[in-house]
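As given, the protein sequences belong to chains F, L, Y, H, Z and W, one line each in that order.
Take the first sequence: its position 103, counting from 1, is numbered 103 in full-length UniProt numbering, and each next residue is one higher.
Take the second sequence: its position 224, counting from 1, is numbered 224 in full-length UniProt numbering, and each next residue is one higher.
Take the third sequence: its position 114, counting from 1, is numbered 114 in full-length UniProt numbering, and each next residue is one higher.
Take the fourth sequence: its position 322, counting from 1, is numbered 322 in full-length UniProt numbering, and each next residue is one higher.
Take the fifth sequence: its position 72, counting from 1, is numbered 72 in full-length UniProt numbering, and each next residue is one higher.
Take the sixth sequence: its position 238, counting from 1, is numbered 238 in full-length UniProt numbering, and each next residue is one higher.
Don't take every hint at face value.
Computed list of lysine-lysine pairs in DSS-like fashion (alpha-carbon distance at most 30 Å, straight line) [said to hold, decoys possible]:
1) Y:249 / Y:101
2) Y:231 / Y:149
3) W:2 / Y:2
4) Z:149 / Z:231
5) Y:101 / L:327
6) H:101 / W:319
7) Y:249 / L:327
8) H:249 / Z:101
9) Z:101 / H:319
10) Y:231 / Y:2
11) F:249 / F:327
12) L:319 / Y:101
13) L:126 / H:126
14) F:101 / Y:249
Derived from the structure by calculation, the hints contain no laboratory data.
Number of protein chains: 6
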Amino acid sequence: MKQVVTFGEIMLRLSPPLNYRLTQTATFEATYGGGEANVAASLTQLGMPAAHVTCFPANELGQAATQHFQRYGVNMAHTVFRGERLGLYFLEVGASMRPSKVVYDRFDSAFANLWPEDFNWEEILKDASWFHWTGITPAISASAAQACKDAIAAARRLGIPVSGDVNYRRNLWQYGQKAQDVMPGLVEGCDVIVASENDSEDLFGIIPQEGAAHSFTSMAEQLMARFPNVKQVITTRRETLSASHNQLKGILYDGQSFVESPSYDIVPIVDRIGGGDAFIAGFIYGSLSFNDQQQALTFGVASSALKHTIHGDFNLATKAEVDEVVKGNTSGRLLR
Amino acid sequence: MKQVVTFGEIMLRLSPPLNYRLTQTATFEATYGGGEANVAASLTQLGMPAAHVTCFPANELGQAATQHFQRYGVNMAHTVFRGERLGLYFLEVGASMRPSKVVYDRFDSAFANLWPEDFNWEEILKDASWFHWTGITPAISASAAQACKDAIAAARRLGIPVSGDVNYRRNLWQYGQKAQDVMPGLVEGCDVIVASENDSEDLFGIIPQEGAAHSFTSMAEQLMARFPNVKQVITTRRETLSASHNQLKGILYDGQSFVESPSYDIVPIVDRIGGGDAFIAGFIYGSLSFNDQQQALTFGVASSALKHTIHGDFNLATKAEVDEVVKGNTSGRLLR
Amino acid sequence: MKQVVTFGEIMLRLSPPLNYRLTQTATFEATYGGGEANVAASLTQLGMPAAHVTCFPANELGQAATQHFQRYGVNMAHTVFRGERLGLYFLEVGASMRPSKVVYDRFDSAFANLWPEDFNWEEILKDASWFHWTGITPAISASAAQACKDAIAAARRLGIPVSGDVNYRRNLWQYGQKAQDVMPGLVEGCDVIVASENDSEDLFGIIPQEGAAHSFTSMAEQLMARFPNVKQVITTRRETLSASHNQLKGILYDGQSFVESPSYDIVPIVDRIGGGDAFIAGFIYGSLSFNDQQQALTFGVASSALKHTIHGDFNLATKAEVDEVVKGNTSGRLLR
Amino acid sequence: MKQVVTFGEIMLRLSPPLNYRLTQTATFEATYGGGEANVAASLTQLGMPAAHVTCFPANELGQAATQHFQRYGVNMAHTVFRGERLGLYFLEVGASMRPSKVVYDRFDSAFANLWPEDFNWEEILKDASWFHWTGITPAISASAAQACKDAIAAARRLGIPVSGDVNYRRNLWQYGQKAQDVMPGLVEGCDVIVASENDSEDLFGIIPQEGAAHSFTSMAEQLMARFPNVKQVITTRRETLSASHNQLKGILYDGQSFVESPSYDIVPIVDRIGGGDAFIAGFIYGSLSFNDQQQALTFGVASSALKHTIHGDFNLATKAEVDEVVKGNTSGRLLR
Amino acid sequence: MKQVVTFGEIMLRLSPPLNYRLTQTATFEATYGGGEANVAASLTQLGMPAAHVTCFPANELGQAATQHFQRYGVNMAHTVFRGERLGLYFLEVGASMRPSKVVYDRFDSAFANLWPEDFNWEEILKDASWFHWTGITPAISASAAQACKDAIAAARRLGIPVSGDVNYRRNLWQYGQKAQDVMPGLVEGCDVIVASENDSEDLFGIIPQEGAAHSFTSMAEQLMARFPNVKQVITTRRETLSASHNQLKGILYDGQSFVESPSYDIVPIVDRIGGGDAFIAGFIYGSLSFNDQQQALTFGVASSALKHTIHGDFNLATKAEVDEVVKGNTSGRLLR
Amino acid sequence: MKQVVTFGEIMLRLSPPLNYRLTQTATFEATYGGGEANVAASLTQLGMPAAHVTCFPANELGQAATQHFQRYGVNMAHTVFRGERLGLYFLEVGASMRPSKVVYDRFDSAFANLWPEDFNWEEILKDASWFHWTGITPAISASAAQACKDAIAAARRLGIPVSGDVNYRRNLWQYGQKAQDVMPGLVEGCDVIVASENDSEDLFGIIPQEGAAHSFTSMAEQLMARFPNVKQVITTRRETLSASHNQLKGILYDGQSFVESPSYDIVPIVDRIGGGDAFIAGFIYGSLSFNDQQQALTFGVASSALKHTIHGDFNLATKAEVDEVVKGNTSGRLLR
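All chains should be built: construct the whole structure from the sequences, respecting the hints.
In structure tokens, the structure reads:
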């Protein structure tokens with residue numbers, strides 16, 4: 001059976017219970033996540049097979065992280081066990097005007113030190129229906145960037161659609177290369193790109209044309225001109241009313257038409273982390289299942305909205321549950 | 001001292017903490033509840049004596065359920081211990097557009113297998129000021145339906161007011177009889193009926209007259225015509241804005257006048273389960289305490305609103321607390 | 001290094017988890033707090049040294065309370081260990097229209113039985129930049145009132161600014177003296193007074209002039225006329241929409257100008273206790289750091305708003321976090 | 001149905017989880033208990049009706065304590081609600097060579113301030129099969145001592161057997177009277193006395209005769225000579241190997257024969273509090289059920305041994321479970 | 001890669017935390033287990049691939065149970081989703097002389113109502129290295145017994161070794177057939193039988209020869225005579241000193257030689273459930289890995305001993321950890 | 001007031017609750033500790049002032065670690081905030097024959113990257129009564145080794161006694177220098193050395209003389225010959241019966257006499273981590289308080305024994321509690 005394949009780092013996430021601050025807590029709730037693996041896990045919950053490829057230290061924590069994704073049905077058979085430590089991050093959950101806050105401790109992880117030659121991409125991708133990566137991977141280390149590049153190249157050779165979430169995080173790029181030099185080589189192999197105007201400006205120097213009707217469309221057009229393989233550019237628009245209340249919609253440009261999803265009101269937010277990944281998972285699911293990019297986009301945003309009501313890094317919502325939201329059933333009426 | 005008597009199944013309720021999903025959790029919070037017993041327990045908290053009659057398996061779980069209601073002062077002296085298992089249900093608590101969800105595991109419970117002859121209703125009801133049942137009981141099994149019928153008959157003989165919440169749940173009726181055949185025989189012995197227009201249509205084929213000023217009034221009039229003992233029909237109107245935000249009011253028709261309570265805005269909802277039972281408990285309390293059905297109805301809805309802010313199946317609010325809400329004091333200002 | 005000094009009782013606070021009621025819970029979350037110590041602890045989090053002076057029983061609970069404040073950097077070196085019991089209070093956290101509720105158990109505590117001569121105020125205050133007290137202390141016992149009076153007198157002798165939060169709680173005054181007789185002697189030594197119109201009427205019989213443009217200004221003017229040392233009167237205005245949703249602003253009168261802060265919308269409220277203390281801490285911080293009472297007032301209210309999103313009695317927000325709110329950044333956008 | 005009646009204070013017990021120290025913990029597990037109420041609750045679990053008489057403050061804590069005992073079937077209908085505070089105690093659970101430790105905070109409780117005239121003992125005891133008190137009650141206050149004396153007198157008038165656990169705690173007697181003056185007047189109305197040689201020496205100056213074969217027998221003989229109503233003297237012998245490992249047996253003298261139970265090895269100890277109360281409950285149960293004081297004594301000690309394996313202040317063991325231990329079945333083999 | 005295949009029911013296990021009693025608790029710890037699935041999960045932890053075959057209801061609980069075993073790497077791809085409810089059991093954990101206690105609620109589960117034709121055993125077993133079943137499965141229902149028989153037959157056809165743990169539980173056999181009639185037909189297809197003398201007498205009427213040197217050997221000889229396919233009979237000997245302290249060894253007879261493992265002292269016991277299953281998993285592992293039945297037996301008992309120190313139904317010990325115990329390294333010295 | 005000064009890394013410790021395995025848990029209990037800081041914190045609990053010197057990242061985790069030690073009264077004023085990450089370790093708590101296990105994640109921590117010139121040792125040590133370090137510090141990095149050397153040198157210049165726990169952990173030494181080259185330069189500045197025969201052989205090639213009456217004495221003699229400043233060599237002897245049961249004693253040689261403490265039986269062990277640090281803290285306390293090295297040694301071992309009954313990395317026992325154990329009072333009898 002064909003499966004979506006994702007590649008990237010998985011971290012241990014440690015968060016104080018409720019809204020306790022990092023400096024207050026004597027317990028942490030533990031879960032495991034990463035931008036790309038979250039896509040895979042969200043897909044398996046929707047009913048679509050998915051495999052995630054990563055590198056873990058050969059210790060109890062690497063094993064626990066593997067098992068966490070196995071539990072939700074993600075194929076972890078391609079995990080490489082090499083290196084010393086599992087990256088981790090601390091999450092403090094905000095409320096009202098107090099933002100949630102992430103403290104990373106991921107440098108020098110097993111994943112950052114991966115050996116690209118450990119991954120036989122032709123083999124890994126032989127059953128793949130789609131390959132997804134994010135801009136976090138090439139930011140981590142030269143070898144991670146190389147493995148990412150290898151994977152994209154293999155996917156192209158095998159004719160597998162590729163999506164990339166550029167997700168530019170300035171402070172992650174610390175190994176000596178610049179995002180601006182590395183990213184173009186990866187983006188050029190992609191069919192779908194997730195990017196905001198800011199990302200595009202920072203990474204590719206693309207500035208929406210002055211006077212353009214829509215800054216996103218203008219940006220996307222330039223991006224697609226620069227990277228001719230790219231057929232769709234998507235992103236979310238998030239209205240952050242408070243740490244507890246957001247509004248979310250999705251937009252897409254395919255070179256010809258601009259498509260917009262409904263906007264969803266999310267209050268209260270249970271767990272904001274992975275909202276973007278759930279959007280991408282929903283969009284991939286929709287792209288592979290429906291013949292309609294509007295439908296795929298809305299399915300992605302509805303998935304993301306639901307994710308905000310679910311604890312943990314990924315979206316434990318079923319296809320049927322997302323469908324309800326897509327149909328406009330957002331009343332949350334008790335189901336017996 | 002006179003007491004309200006209720007009859008029905010009590011189940012173990014198991015819910016993951018916070019908003020965790022059933023598939024995520026490694027712990028369950030346990031409480032005990034049932035539509036009728038919740039009425040009894042809500043009444044004792046208001047200061048009105050109440051007894052609940054049920055059937056439990058003679059094991060630790062039946063004992064724990066008994067003790068749970070004893071704790072809150074419900075008279076459990078008439079509990080019959082017979083049968084094999086305690087019914088249970090799993091509750092997943094939603095948020096925002098994600099609904100809460102109940103998974104029942106109640107078939108073939110000790111209560112479903114009760115022996116009607118175990119209950120000496122004349123004896124049980126000898127001190128009763130009111131008898132309350134719901135449409136869930138006759139849905140469970142023929143013997144439960146029989147016991148319910150016996151109880152209503154005894155109450156009528158003893159001149160005790162009877163209320164019935166018709167609460168039609170299609171998928172519960174699986175033992176071979178149809179709700180449409182069974183329910184009329186029970187409703188005809190009632191003084192007060194809790195029913196919505198949908199319930200009435202489904203159960204009794206009553207359809208509000210076209211062009212009627214108020215569908216509820218029209219339905220209630222027909223219901224009272226069919227069942228002449230019924231003197232009041234009541235129900236709540238719930239606006240479900242999200243799983244975390246509802247608005248609630250109550251309406252009543254007594255054959256002559258239509259009465260409406262204020263509407264209460266409930267946000268955030270702490271625990272929605274038992275909201276309807278708290279309404280009925282408040283209405284019974286009010287009916288037995290005040291000489292004013294408007295007051296009784298408002299007391300019922302205010303009780304229900306408060307219930308939504310309280311964990312567990314029933315309403316741990318005192319008379320004084322409900323009175324504050326009735327007076328319009330809904331600001332939630334800190335009490336020292 | 002100069003430090004703010006506060007004086008008052010610290011209690012053990014016991015609250016059921018989440019929104020559970022006191023009668024439901026089998027566990028209590030424990031923390032320690034008191035109106036004045038909360039000011040000290042909020043100040044140390046902002047980066048300003050602070051010491052708190054109190055009296056504890058010489059047992060494990062007095063030790064635990066000491067350690068709780070030491071943890072957050074409050075100088076507890078002047079703690080007197082004498083007496084029998086630590087005062088405590090039980091906090092039930094409400095939601096929506098159900099108020100939070102405090103049940104005190106603080107009578108006859110070690111602090112109430114303190115010996116004024118145990119406190120060498122000249123020594124304690126020798127490095128002080130500010131001294132703060134509240135009207136709770138003189139309400140507790142004659143000896144507490146005496147120690148408070150001694151402290152204020154010493155502060156004046158040493159030329160240290162003094163603030164007093166009059167915080168009138170009628171039911172606390174039970175040891176035989178009347179607030180109306182005791183409080184004037186304390187207020188007259190203060191530079192800054194926190195008081196509402198109600199407090200002023202109850203304690204000093206001050207009634208805002210009829211037809212005054214602003215009742216607060218009118219009250220403050222009279223207060224300052226009566227107590228000529230008082231240079232600023234401040235208070236908060238709280239709009240209590242529900243137990244989960246408040247709006248908050250601060251106002252100040254300095255004898256000449258009336259100053260008002262922006263209003264902050266706080267929803268959901270995580271923990272309302274200590275909101276007023278955080279306001280005062282922020283105002284003291286601002287008064288000692290900025291040359292601008294408008295800025296100090298806004299800093300105080302922003303501190304208080306943030307406090308409502310933080311568990312426990314005091315404000316674990318940093319200077320940088322308060323500054324963000326002051327700048328109007330209340331969107332709660334995730335920080336990575 | 002006849003019931004055992006007990007009288008005494010009930011406190012809120014607060015203990016850190018596991019073996020955490022009081023100074024470490026951020027949560028407390030809460031339960032309610034008291035030496036006499038523990039006897040009542042242990043009896044209802046064995047299947048024998050019991051009522052407890054006490055005085056609580058009319059607040060949420062008094063209500064919670066009432067409900068805690070109602071849950072386990074203790075008749076709390078005679079509770080008087082008057083006064084200000086519920087006594088409480090903090091329990092730190094030791095292990096190995098580190099002892100468990102109790103910090104009391106019970107002075108000036110509602111119970112200490114009870115009004116003896118609130119208790120109509122003739123009425124309370126009209127269905128009683130037995131009355132039990134302990135030496136803690138007269139230690140608390142003069143009015144508590146008076147109420148205890150009234151109860152014993154009423155029991156004698158009604159011909160009800162009376163047991164008293166002298167339980168001398170020197171540091172409790174702080175209200176101005178001496179145990180040595182008060183206790184004789186109470187003991188003289190008893191049929192059964194629980195006392196060790198130390199208690200007897202401290203309270204009554206009774207010193208086992210030099211050269212006596214058995215110090216306990218010698219003490220008991222003198223005690224019975226002094227208080228001719230006393231027909232049995234009992235106590236436990238505890239070998240404290242560590243905080244986690246005790247050995248326990250019981251002994252009895254009835255003026256003629258000396259009776260001894262088997263010794264039970266208890267390791268690990270789950271919760272040592274209430275071990276003595278469970279012994280007395282078992283002995284009362286046995287005395288009222290069996291015609292054999294040896295059997296009653298062994299039943300008491302087996303009850304106490306089981307109590308040590310159960311969390312909380314009282315013995316949630318059934319008659320059948322105690323019987324197994326009495327039969328020598330202490331292997332703890334899994335029951336399916 | 002070849003895998004061990006097991007077949008049987010999986011239940012939700014609910015247990016109060018620590019040593020709390022079922023009647024005390026307000027929370028349950030949830031895990032999933034079943035005698036045969038526990039073997040599979042213990043094997044995957046040892047590093048041997050394993051698949052479990054079962055039938056779950058198509059609801060969230062069936063999904064959660066599936067995911068629980070997926071997490072630990074058990075192949076759940078053959079799960080059939082059909083039926084209404086997941087069987088469950090409640091576990092109360094004893095201590096010292098108080099036994100642990102299991103309350104089952106498993107009747108009429110989805111597994112009990114399975115359809116034998118849903119399972120294509122030739123397909124399921126095509127990669128199998130071993131098939132394992134227990135006597136619990138045929139006890140549950142006629143259709144479960146049939147499926148078990150089908151599986152054994154298929155295994156024999158495919159030449160796969162079969163082990164059966166007869167595990168006779170009288171009170172489970174309630175569907176109308178007798179164990180004595182059903183079990184022989186299943187045992188005759190086995191290579192390895194786990195049985196005690198009691199099991200053999202109850203099920204097959206086999207009584208150890210009087211005067212036999214060893215009752216187990218005598219029983220095993222007769223069993224092997226009756227069922228000629230059986231080549232090894234194994235069991236454990238458990239010395240139950242208390243609920244917290246057991247001693248365990250294993251014995252084996254192969255028709256010629258009697259083999260005995262060392263005895264392991266287990267104190268304290270963390271979780272006794274699944275101890276027998278861990279023994280069988282270890283023995284299967286050993287049988288497939290070593291050329292030495294003594295070694296296999298000892299590996300099984302060491303596995304079982306370790307299981308007693310691990311929470312949950314199965315043995316989360318690695319091969320390396322079991323090896324340490326086999327080598328006699330039972331000192332529990334801290335590993336850094 | 002004079003204080004003991006310690007220097008070393010502090011890590012965040014994360015452990016699953018109870019005996020759960022790292023691969024099972026969804027929550028971690030968090031505390032902070034380090035071999036040297038544990039000594040400081042144990043000393044403040046005994047009533048002796050202590051300061052700890054370390055380097056933390058300037059983030060929430062560094063702040064939380066600082067606050068953890070401030071809470072228990074350790075002077076953290078010399079903390080340097082520089083670098084990126086807080087070292088951490090995962091602790092799985094074993095039972096019976098299953099060992100506890102530590103997984104370190106401490107490489108490249110802020111402490112490992114400290115700048116020696118950040119520490120002004122003359123200033124830091126100006127009030128010191130003692131300086132303590134361990135062999136873990138020089139193992140971490142060259143700069144940590146350098147800072148340690150600087151501190152020892154400063155202590156010697158100031159005439160402050162120095163103790164070093166050589167604590168050789170082979171797998172920590174990964175930065176390019178060998179323990180055998182670095183350690184002698186540090187040990188030579190010490191007055192007291194904690195070392196076992198194994199440590200001495202591994203680090204200094206010292207082999208107890210063949211035929212020596214006591215291997216420890218022989219080793220210590222050689223060590224003192226090599227490092228003439230060393231006046232006392234101490235260590236503990238631990239009998240590891242199981243992960244739950246150890247026996248512990250201490251031994252000392254001062255060049256002339258061999259001293260031995262009583263042996264303490266520790267069962268059950270609550271938390272073994274920091275047992276050695278508590279021993280050293282007790283010995284330092286004793287050395288500075290008593291005029292008797294036997295007394296100091298026994299005080300150290302009694303401290304260590306108590307530590308095993310206390311959760312967390314350090315010994316929250318008071319002087320009075322240790323004294324009880326020293327007196328032989330190890331019965332753990334309940335204290336009221």
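Now the hints, each set against the structure:
no.: 1; hint: Y:249 / Y:101; verdict: holds (23 Å)
no.: 2; hint: Y:231 / Y:149; verdict: holds (19 Å)
no.: 3; hint: W:2 / Y:2; verdict: holds (23 Å)
no.: 4; hint: Z:149 / Z:231; verdict: holds (19 Å)
no.: 5; hint: Y:101 / L:327; verdict: holds (19 Å)
no.: 6; hint: H:101 / W:319; verdict: holds (16 Å)
no.: 7; hint: Y:249 / L:327; verdict: holds (27 Å)
no.: 8; hint: H:249 / Z:101; verdict: holds (26 Å)
no.: 9; hint: Z:101 / H:319; verdict: holds (16 Å)
no.: 10; hint: Y:231 / Y:2; verdict: holds (22 Å)
no.: 11; hint: F:249 / F:327; verdict: holds (15 Å)
no.: 12; hint: L:319 / Y:101; verdict: holds (16 Å)
no.: 13; hint: L:126 / H:126; verdict: holds (24 Å)
no.: 14; hint: F:101 / Y:249; verdict: holds (26 Å)
Comparing the model with each earlier hint shows no violations; every hint is respected.
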